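Asker: Read off the chains here:
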Amino acid sequence: MSDEDQDLLATAVSARLARLGNMPVDTSRVDKMVRQQIPQPPKQRRVWFARPVRAVAASLLLMSAIAAAIVLSTSGGPALADSAQMAQVYQDIVSGRVAVMQVDSIEAANRMLNSQSPGAPSLPRVPESHVMACCMKSVHNKKMACVLLKNEGVPVTLAVASASDMKMPTSPVVTRKGVDYRVQRVGELSMVMTERDGKWLCLIGQLPAERLMDVAAQVQF
Amino acid sequence: MAAGTAARWRLDPDHATRRFYDLIWPHRADVLRLALFLCRDRFAAEDLAQEALFKAFRAIDRFEGPDAKRWLLTILRNAWTDRMRSRAGRSDVSVGELEHEPPARSPRSDDHEGWTHPQELLEAFSDQQIIDALHELPDEIRWTLLLVDVQGVSTQEAAQVLEVPPGTVKSRAHRGRAMLHELLLPVARQRRMLSGNAMGGPNAEPEAL
Numbered sequence: 001m002s003d004e005d006q007d008l009l010a011t012a013v014s015a016r017l018a019r020l021g022n023m024p025v026d027t028s029r030v031d032k033m034v035r036q037q038i039p040q041p042p043k044q045r046r047v048w049f050a051r052p053v054r055a056v057a058a059s060l061l062l063m064s065a066i067a068a069a070i071v072l073s074t075s076g077g078p079a080l081a082d083s084a085q086m087a088q089v090y091q092d093i094v095s096g097r098v099a100v101m102q103v104d105s106i107e108a109a110n111r112m113l114n115s116q117s118p119g120a121p122s123l124p125r126v127p128e129s130h131v132m133a134c135c136m137k138s139v140h141n142k143k144m145a146c147v148l149l150k151n152e153g154v155p156v157t158l159a160v161a162s163a164s165d166m167k168m169p170t171s172p173v174v175t176r177k178g179v180d181y182r183v184q185r186v187g188e189l190s191m192v193m194t195e196r197d198g199k200w201l202c203l204i205g206q207l208p209a210e211r212l213m214d215v216a217a218q219v220q221f
Numbered sequence: 001m002a003a004g005t006a007a008r009w010r011l012d013p014d015h016a017t018r019r020f021y022d023l024i025w026p027h028r029a030d031v032l033r034l035a036l037f038l039c040r041d042r043f044a045a046e047d048l049a050q051e052a053l054f055k056a057f058r059a060i061d062r063f064e065g066p067d068a069k070r071w072l073l074t075i076l077r078n079a080w081t082d083r084m085r086s087r088a089g090r091s092d093v094s095v096g097e098l099e100h101e102p103p104a105r106s107p108r109s110d111d112h113e114g115w116t117h118p119q120e121l122l123e124a125f126s127d128q129q130i131i132d133a134l135h136e137l138p139d140e141i142r143w144t145l146l147l148v149d150v151q152g153v154s155t156q157e158a159a160q161v162l163e164v165p166p167g168t169v170k171s172r173a174h175r176g177r178a179m180l181h182e183l184l185l186p187v188a189r190q191r192r193m194l195s196g197n198a199m200g201g202p203n204a205e206p207e208a209l
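Top to bottom, those sequences are chains A and B. Residue numbers for the first sequence follow our numbering, beginning at 1 and rising by one. Residue numbers for the second sequence follow our numbering, beginning at 1 and rising by one.
Simulated from the structure, these hints should not be mistaken for lab results. Please read all numbers here as calculations on a predicted model, not as lab measurements. All C-beta atoms in this analysis are idealised placements derived from N, C-alpha and C, irrespective of residue type, glycine included. You may find that some hints are simply not true.
Unchecked claim - Here are the computed distance ranges between Cβ atoms for each label pair:
1) A:MET168 <-> B:ARG62: 49 to 57 Å
2) A:LYS32 <-> B:ARG40: 18 to 26 Å
3) A:GLY21 <-> B:PRO165: 45 to 53 Å
4) B:ARG18 <-> A:PRO78: 48 to 56 Å
5) B:GLY65 <-> A:SER164: 51 to 59 Å
6) A:ARG54 <-> B:HIS135: 49 to 57 Å
7) B:ARG58 <-> A:SER59: 36 to 44 Å
8) A:SER59 <-> B:ASP22: 22 to 30 Å
9) B:ASP41 <-> A:ALA57: 50 to 58 Å
10) B:GLU163 <-> A:PRO41: 32 to 40 Å
Unchecked claim - In the EDC-like style, the derived pairs of lysine to aspartate or glutamate whose C-alpha atoms are separated by at most 20 Å in a straight line are:
11) A:LYS143 <-> A:ASP197
12) A:LYS32 <-> B:ASP30
13) B:LYS170 <-> A:ASP165
14) A:LYS143 <-> A:ASP165
15) B:LYS170 <-> A:ASP3
Unchecked claim - Example chain A residues on the side facing chain B (calculated, C-beta under 7 Å, incomplete):
16) ALA10
17) ALA12
18) ARG16
19) ALA18
20) VAL25
21) THR27
22) ARG29
23) VAL30
24) MET33
25) VAL174
With the rest of the complex left out, here is chain A (with noise of 0.2 Å):
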């Protein structure tokens, strides 16, 4: 028998034992001994209007819910910038990861920053820093002011807010000529929180705090 044969005869037996599947069987006796040992419990009465109800519900909840998060993340109360979020606004600006424009001036900054987005916080002049780029981000969807400025040929970023905007971290308050900073310290970064003038401010650089400090006092609106 060739293999062509034999795989004819393979099929075909294949095949007939395939139509053994479908003998039907009765299950009585079986059915009815399991059924004794094993009683079916009964089925849950369900009333008609109930899953629609349910569904309903469900779905008004769920969109609820959606809502509620839109709400809170677009329009709610102040955003919280947290030390983690401003050290990558700073590594970001620095290291040109996002489109930056460069200016020479906090005029020419407050222009671009207006005509790209108006309404954008306006940024103070800063004494003895040189301006060089300037951008806008957002933190939770509130609109920051960037300006990435050299100071003492040391980068540092300002980054300026509305105050009603952003919430201040519970970090240690400094409080320099009755002015409150809140200092924080990200890896070699040092950071500097304040408010002036119902702006939100914040500094940013490899500078010792205090010199961040020195530079947040000079800051004219």
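Given chain A, put chain B in place with the hints provided.
Answerer: What follows is chain B alone, placed relative to chain A:
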């Protein structure tokens, strides 16, 4: 499955019972059919099927899904193995040892005599004749054919049920089909089916087991 979930089922017999009737009960006919092909006696087959169903119920909290049929066939297989061991009076013997598996004989030159249309000829055998021939096969070969050809289980799934590699399933299926042919050949000759005096016919109604 999380232990907590399993514990919950054990604490909730109604849940276990519903699960049994939802997942296992629809496959009871397959289990009984297979048991009928395994046992020569109908009462023994029903007893085996019941045993498998009760075992499935007791273990329902351990079933992780999704293939309830395969799980149930594995239980049936184990119940059958236990019976075979019990019959042999040993608890440590494998089913393979219980029945010697003869290698498929090399087909003789006249084996194919008259089998020019094997499918047509095989259809002429009654279901009972095929079942009788299946009973003559070694247990492992028979199980393989019952799973792969009769139940239409994939090679991979059959391998899981039989706890052997898929390659073994394939070779056993191949050998089994050849052996079945050899077993049916004398019947065909005896009944002169090879010369066209086929019994029944391809359209013969299947009889209920």
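Asker: Determine for every hint whether it applies to the structure shown.
Answerer: Hints and how they fare:
Remark: the range hint 49 to 57 Å for A:MET168 to B:ARG62 is upheld by a beta-carbon distance near 56 Å. Range check, A:LYS32 to B:ARG40: about 23 Å between beta-carbon atoms, so the 18 to 26 Å window is met. For A:GLY21 paired with B:PRO165, a C-beta distance near 24 Å fails the hint of 45 to 53 Å. The beta-carbon spacing between B:ARG18 and A:PRO78, approximately 52 Å, falls within the hinted interval of 48 to 56 Å.
Taken as a hint, the range 51 to 59 Å holds for the pair B:GLY65 and A:SER164, whose Cβ atoms sit roughly 55 Å apart. In this structure the supplied range 49 to 57 Å holds for A:ARG54 paired with B:HIS135, their Cβ-Cβ distance being about 54 Å. Range check, B:ARG58 to A:SER59: Cβ separation about 41 Å, and the 36 to 44 Å hint holds. The hinted range of 22 to 30 Å is satisfied by A:SER59 and B:ASP22, whose Cβ atoms lie roughly 27 Å apart.
Between B:ASP41 and A:ALA57 the Cβ separation comes to about 57 Å, which falls inside the hinted range of 50 to 58 Å. In this structure the hint that B:GLU163 and A:PRO41 lie 32 to 40 Å apart at CB holds, the actual value being about 34 Å. As the CA atoms of A:LYS143 and A:ASP197 are separated by approximately 17 Å, the hinted pair is consistent with the 20 Å bound. For the hint pairing A:LYS32 with B:ASP30, the CA-to-CA distance comes to about 17 Å; that is within 20 Å, so the pair holds.
Restraint check: the Cα-Cα separation between B:LYS170 and A:ASP165 comes to about 71 Å, which exceeds 20 Å; the hinted pair is violated. A distance of roughly 8 Å separates the Cα atoms of A:LYS143 and A:ASP165; the hinted pair therefore holds under the 20 Å criterion. With a CA separation close to 16 Å, the supplied pair B:LYS170 and A:ASP3 stays within the 20 Å bound. Evaluation of the A:ALA10 hint against chain B yields a held restraint, the C-beta minimum of about 4 Å falling below 7 Å.
Because the beta carbon of A:ALA12 sits about 4 Å from the nearest beta carbon in chain B, less than 7 Å, this interface hint is met. With a cut of 7 Å, the hint placing A:ARG16 at the interface with chain B holds, because the nearest CB-to-CB distance is about 4 Å. Against a cut-off of 7 Å between C-beta atoms, the interface hint on A:ALA18 holds, since the closest Cβ of chain B lies about 6 Å away. A cut of 7 Å between beta carbons decides the hint on A:VAL25: the least distance to chain B is about 5 Å, and the hint holds.
Here the hint on A:THR27 is kept, as its CB sits about 5 Å from the closest CB of chain B, short of 7 Å. A distance limit of 7 Å between C-beta atoms decides the matter here; for A:ARG29 the minimum to chain B is near 6 Å, and the interface restraint holds. About 5 Å separates the beta-carbon of A:VAL30 from the nearest beta-carbon of chain B, less than 7 Å, and the hint is met. Below 7 Å, beta-carbon pairs count as interface contacts, and A:MET33 has one with chain B at about 5 Å; its hint therefore holds.
Look at A:VAL174: its Cβ only gets to about 51 Å from chain B, farther than 7 Å, so that hint breaks.
Checked against the numbered hints given earlier, the structure breaks hints 3, 13, 25 and satisfies all the rest.
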